[in-house]
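Peer 1: Take the sequences, apply the hints, and build the full model.
The chain contents come next:
Number of protein chains: 2
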Amino acid sequence: MNLIHGLFVYVEAIDFDFKIKILDPDADAPCKFIAHEFVNGSLKDYETVLAFGEDCDTVTIEIESVNIDALEELERRGKKIYPQPSVLRLIQDKRIQKQFYKDNNLPTADFVLTENQSDLENYKDFLPAVHKLGKEGYDGKGVQVIRTADEKELAVIVARNVDGEVKTFPVVEMVFHPEANLVEYLFAPAEISEEITNKSKEIAEKTAEAFGIIGLLAVEMFLTKDGEILINEVAPRPHNSGHHTIRANDVSQFEQHLRAILNLPLGETHAHSKAAMVNLLGEEGYSGEAIYEGMNECIAQGGVHPFLYGKRFTKPFRKMGHVTIVEQDFEKLKEKVIFVKRKLKVIA
Amino acid sequence: MNLIHGLFVYVEAIDFDFKIKILDPDADAPCKFIAHEFVNGSLKDYETVLAFGEDCDTVTIEIESVNIDALEELERRGKKIYPQPSVLRLIQDKRIQKQFYKDNNLPTADFVLTENQSDLENYKDFLPAVHKLGKEGYDGKGVQVIRTADEKELAVIVARNVDGEVKTFPVVEMVFHPEANLVEYLFAPAEISEEITNKSKEIAEKTAEAFGIIGLLAVEMFLTKDGEILINEVAPRPHNSGHHTIRANDVSQFEQHLRAILNLPLGETHAHSKAAMVNLLGEEGYSGEAIYEGMNECIAQGGVHPFLYGKRFTKPFRKMGHVTIVEQDFEKLKEKVIFVKRKLKVIA
Chain A
-2 MNLIHGLFVY
8 VEAIDFDFKI
18 KILDPDADAP
28 CKFIAHEFVN
38 GSLKDYETVL
48 AFGEDCDTVT
58 IEIESVNIDA
68 LEELERRGKK
78 IYPQPSVLRL
88 IQDKRIQKQF
98 YKDNNLPTAD
108 FVLTENQSDL
118 ENYKDFLPAV
128 HKLGKEGYDG
138 KGVQVIRTAD
148 EKELAVIVAR
158 NVDGEVKTFP
168 VVEMVFHPEA
178 NLVEYLFAPA
188 EISEEITNKS
198 KEIAEKTAEA
208 FGIIGLLAVE
218 MFLTKDGEIL
228 INEVAPRPHN
238 SGHHTIRAND
248 VSQFEQHLRA
258 ILNLPLGETH
268 AHSKAAMVNL
278 LGEEGYSGEA
288 IYEGMNECIA
298 QGGVHPFLYG
308 KRFTKPFRKM
318 GHVTIVEQDF
328 EKLKEKVIFV
338 KRKLKVIA
Chain B
-2 MNLIHGLFVY
8 VEAIDFDFKI
18 KILDPDADAP
28 CKFIAHEFVN
38 GSLKDYETVL
48 AFGEDCDTVT
58 IEIESVNIDA
68 LEELERRGKK
78 IYPQPSVLRL
88 IQDKRIQKQF
98 YKDNNLPTAD
108 FVLTENQSDL
118 ENYKDFLPAV
128 HKLGKEGYDG
138 KGVQVIRTAD
148 EKELAVIVAR
158 NVDGEVKTFP
168 VVEMVFHPEA
178 NLVEYLFAPA
188 EISEEITNKS
198 KEIAEKTAEA
208 FGIIGLLAVE
218 MFLTKDGEIL
228 INEVAPRPHN
238 SGHHTIRAND
248 VSQFEQHLRA
258 ILNLPLGETH
268 AHSKAAMVNL
278 LGEEGYSGEA
288 IYEGMNECIA
298 QGGVHPFLYG
308 KRFTKPFRKM
318 GHVTIVEQDF
328 EKLKEKVIFV
338 KRKLKVIA
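Sequences listed follow chains A and B, in order.
Numbering-wise, this note's numbering puts 264 at position 267 of the first sequence, and it's gapless, one number per residue.
Numbering-wise, this note's numbering puts 95 at position 98 of the second sequence, and it's gapless, one number per residue.
Hints may contain errors.
In this list, chains with the same sequence are indistinguishable; a pair is considered to hold if it fits within one copy or across any two.
Said to hold, decoys possible - In silico DSS-like cross-links for lysine-lysine, where the CA-CA straight-line distance does not exceed 27 Å:
hint, residue 1, residue 2
1, K340, K164
2, K41, K196
3, K308, K18
4, K29, K16
5, K149, K331
6, K18, K77
7, K29, K18
Hint data in this document are derived by calculation from the structure and do not stem from the laboratory.
Peer 2: Encoded structure:
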């Protein structure tokens, strides 16, 4: 059993005693110290990925920008590659992805391909819209959201195993940082009607089936002010919108991912607690060795769990980790979110 | 930050981004692959432990049979050693431990020191009793329990940090394997009255204060048929009776241990779910490469979480791992415990 990339997935794998090998472009990746075998190399280099996978039974990813040709070659050589390279190819180009939704009658925001700024000017009446690089966008990079005030952004993570068993995590609501264009915080479950909940899950499951994905598919959606649900984009891997599942659900997205790609029975996704996730972004105006100001006050609050990514240096808006907050009561949860956002700062 | 020994504590430490070094006598210890630094060596050898600790800020343990002279020397050299060597010395000799309870008016089963079998014959009217080696007993080894039918065994884990803050986990009930003399399964919370619950917690907290321990203290107690609570013994470390806290409580015993020895605010011990823990013991009549028969049927049940220790070979009653089961409903929990105990077998 081997994985390309992945800290949290690895931690879950320990409990199942899977042997794991990780490829990461960062020689000091946090996962370096906890892999049975760690390879430092480019995920985009054909030879590197091919060589990495040659002694693997199963290969998976935690980031889409991987050399897909190499994964396809490994697949031809009989390796299990999940998510499938064909799905990665579909998703990797956001223009093809958009077309795929149209072809499969999946609701998505209308889109136009713009080549330059003046193009963009012609579509002022076109909001909400997301302006993205056709390729290589990741975690907000290369993505520019043009929002209107009053819509929500929802996400649903669907797991599908090799036998086609499907299980879906509860719907979450994401709130984006206005400048950084990263999820700033998240609430699980989303405060939406049962009707919208079911509709979002149904769309997410249909999307996973349409792709025929094996593994996780995180489906990000817009809920418009008219109650319309539109697919924004998908991620074929454990996702920021599922980090809280480690603390709030029967099975975490990371364990579920492992179960799916190894064709084990999928776990129950039931949430035993309400949860919020606050991304820890480097404070504006600070660059250098990271200091986590206010950490002690925060962890003194019940149910506040920091997950630091082991990055030594901070810079404005760099994602340094996240904090999961679990509570039985939604109002208390919101109070703790506000407390953590006010107290906890990544400075230098 | 460095630890002597410890898989689970380490996993929790990742989230806090602590750098950890582990000493383990087993060259293939499961923790080997997930430590920033792994040293293979004897925990009982003075020079080994001393050398290991010399570049440490803080040293802790997950097993008591460690060279205490070396820990004392490290303490003299200004290292933080938690639990304190003085406490380890008190606890290491069960005869001194027993006397300590007497001296501190802590309720404990009466005891006599027996040197041989014929001695033992003279104390037939002395049940319930536990026959233990004076030293070196661990996990039931060197311990022979002489039980009567109708008492319960309870355990309470207390955490105490450097500032003396104390937090206590809910009381659990342990059921022992008749032959293996290992905890066979555990229920959290114990099905006992509020009065007994409070009394057990109070005794556990008094005991932790009496020792002045920094870290965790697991206090094992007998609840006699007359409702009397007697301390059986204590363990100054994360304990089998707290494994379920990873899945059922706001903070796990492992994270709590780290918080205590690093003098961080202690976490809330609130249980969001009811839990059971089933130890995975090697099936009688099987020795060799371990096979986990029935694993898939078990993990298909919601809330069933295996924790395998990565041991390659099984033998009768060898502790190969454990399974934590979480449920909201106590009857469902019991059904799942029975299911797991019936289905899941470690064979070769």
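Peer 1: Each hint should be assessed against the structure and marked as holding or not.
Peer 2: Each hint, compared with the structure:
1. K340 <-> K164: Between. Shortest inter-copy distance 24 Å satisfies the 27 Å Cα cut-off; intra-copy 36 Å does not.
2. K41 <-> K196: neither (37 Å within a copy, 61 Å between copies)
3. K308 <-> K18: Both ways: K308 and K18 sit 21 Å apart in one copy and 19 Å across, limit 27 Å.
4. K29 <-> K16: Both: 14 Å inside a chain and 12 Å across chains, each within 27 Å.
5. K149 <-> K331: within (17 Å within a copy, 42 Å between copies)
6. K18 <-> K77: within (15 Å within a copy, 35 Å between copies)
7. K29 <-> K18: both (10 Å within a copy, 14 Å between copies)
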